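K.L.:
Relying on the hints, combine the two individually framed chains into one complex.
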Amino acid sequence: MHQNLHDAEDINDDDLLLRRITPVDHTSLQPDGTRILTGFAFRERTHEFSMYVAKEVTHEKVLSCGSPTQEIVEVRAGDVRQLGYIIVRDPDDCDDSHVFAHATGHKSRNQVARDCKVLAELVNARKRGA
Amino acid sequence: MAQALQFPNLFGLERSRQDQDSNRRQWSGVKSLQSPAWLKETYDRISALKTLEENWDSYGGLPVAEGAISTTRVVLSNLDIEDMPKPHVAPLPDGGIGLHWRLGDRDVEIEVESNGAIHFLRTTLGHDSTPGDARSLKDVQDVLDWALGK
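Residue numbers (the numbering used here), protein chains in the order written: chain A, 6 to 135; chain B, 153 to 302.
Rather than coming from a laboratory, the hints here were simulated on the basis of the structure. Hints should not be assumed to be uniformly reliable.
Below, simulated SDA-like cross-link-like pairs (lysine to any residue); rule was C-alpha separation at most 25 Å, straight line [stated by the list, open to error]:
hint: 1; chain 1: B; residue 1: Lys302; chain 2: B; residue 2: Gly278
hint: 2; chain 1: B; residue 1: Lys192; chain 2: B; residue 2: Leu204
hint: 3; chain 1: A; residue 1: Lys66; chain 2: B; residue 2: Leu214
hint: 4; chain 1: B; residue 1: Lys192; chain 2: A; residue 2: Gly38
hint: 5; chain 1: B; residue 1: Lys238; chain 2: A; residue 2: Ala130
Keep in mind it's a predicted model, so treat the numbers as computed, not measured.
Next up, chain B with everything else stripped away, as it sits in the complex (with noise of 0.2 Å):
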């Protein structure tokens, strides 16, 4: 719980007492307490991301943000994901950080932005896409759940 609730600091968000309050009932229940086997592996992956220089994409991408980095590993370590495979993870180069899922005909994009923002992308192949804005770990978990079906 204490990981969670430091969670909306990395936005850089001043909130009242009311929208923490909020937040506090929006997100429990979130954390798992099972870490899927493919977790470290990730982890490392995130944190090799750091070495990338400027122009790692032959387009002029920026490295990847220590914050971007933070927030996607406190993003990882505090939603139910035991169920998932493990993501693809992917620099943006805007500094950002991506993670890929698709399990079936359903496809989501993560992205972590420098700051700590995060968005979506949800698919289903096909179909068109619906992108959003994740305000809380809730919002992430619900698309994640949406790409298992639950």
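Chain A with its partners taken away, still in its complex shape (with noise of 0.2 Å):
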């Protein structure tokens, strides 16, 4: 289906990338208040997941692309690169600084979801200030 994809090579690891989420389904309220993201947060149907660059748009740009409760996450490109995908570029209807993330190789639903998962927790490491 996707042929010739290659890893911007113009996103530096350090690059943030940005996903909106839907607080009420990808939040998971905590006993003290606080939520934290899931792993749902960065699922889609094709099993690579939309983002955008975040040096190339703001976040007001990227929620004008969604809906109104919708909020921003950030991710850096490393840590995308890091579980085994490449970052490539799509212009989308929204923005052309809209990136997706491909495996380089087969990964299960399951693989995918523990990647999923591992980003959501970088988040939340970072919100914590970890």
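P.N.:
Rendered as structure tokens:
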């Protein structure tokens, strides 16, 4: 389906990628009143998850393409690559900065779920200041 | 017991009598006679997912499938979960339903696919996660028991 996909070399490992989440669906309320991101936040039908390159677009622009209740989370491009994905440029109707993460090899549904959990916990750790 | 025996049909699998006998033994003792206080609220949340329309997540997510709703309810109603806190219920982009629990440093995500197949992800925070396919209610129960430290 995807041919000749290549990792976007102009997106550095330290660059941040933006993803819309729906808090009521993608964050889990904890007993202390805080909310934590779940791995469900990165799941997509195609097992490839969409993001936008933060240095090229504003949060407001990304949110304007979603629903009113959505928020933005940030992940490092290097963290996505370390899990075995390339970051493919794919300008969409929302913005030219749109990319998607594409696995470099076959990943089962369960493996993708595990990768999404890693990304969610990195977001949670950053939020805690860890 | 009657409900538990109906459960395999939700997976659409044809099982031999030997398989059914094996599952009956495997599932015995799982059904709880007590329901946690949060169960009705969780059922309501699950039912409310029916109202989601395509692209609910702004990434092309499918509406939640009726099969995922019914299977999730059957699973919750047949597990020993009175010691568990209320799960977070989430729609999944392929029409399934996700359940999430975090107890201390133990984190569990259960996924019920639109066809009734069930997967789990067990995570000890700060360590690697263990994913798996649940082939029976006992497999799901084992994951929840792990979360409780049983």
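K.L.:
Indicate, hint by hint, whether the structure satisfies it.
P.N.:
Status of each hint after checking the structure:
{"no.": "1", "hint": "B:Lys302 <-> B:Gly278", "result": "holds, 21 Å"}
{"no.": "2", "hint": "B:Lys192 <-> B:Leu204", "result": "holds, 20 Å"}
{"no.": "3", "hint": "A:Lys66 <-> B:Leu214", "result": "holds, 24 Å"}
{"no.": "4", "hint": "B:Lys192 <-> A:Gly38", "result": "holds, 21 Å"}
{"no.": "5", "hint": "B:Lys238 <-> A:Ala130", "result": "holds, 23 Å"}
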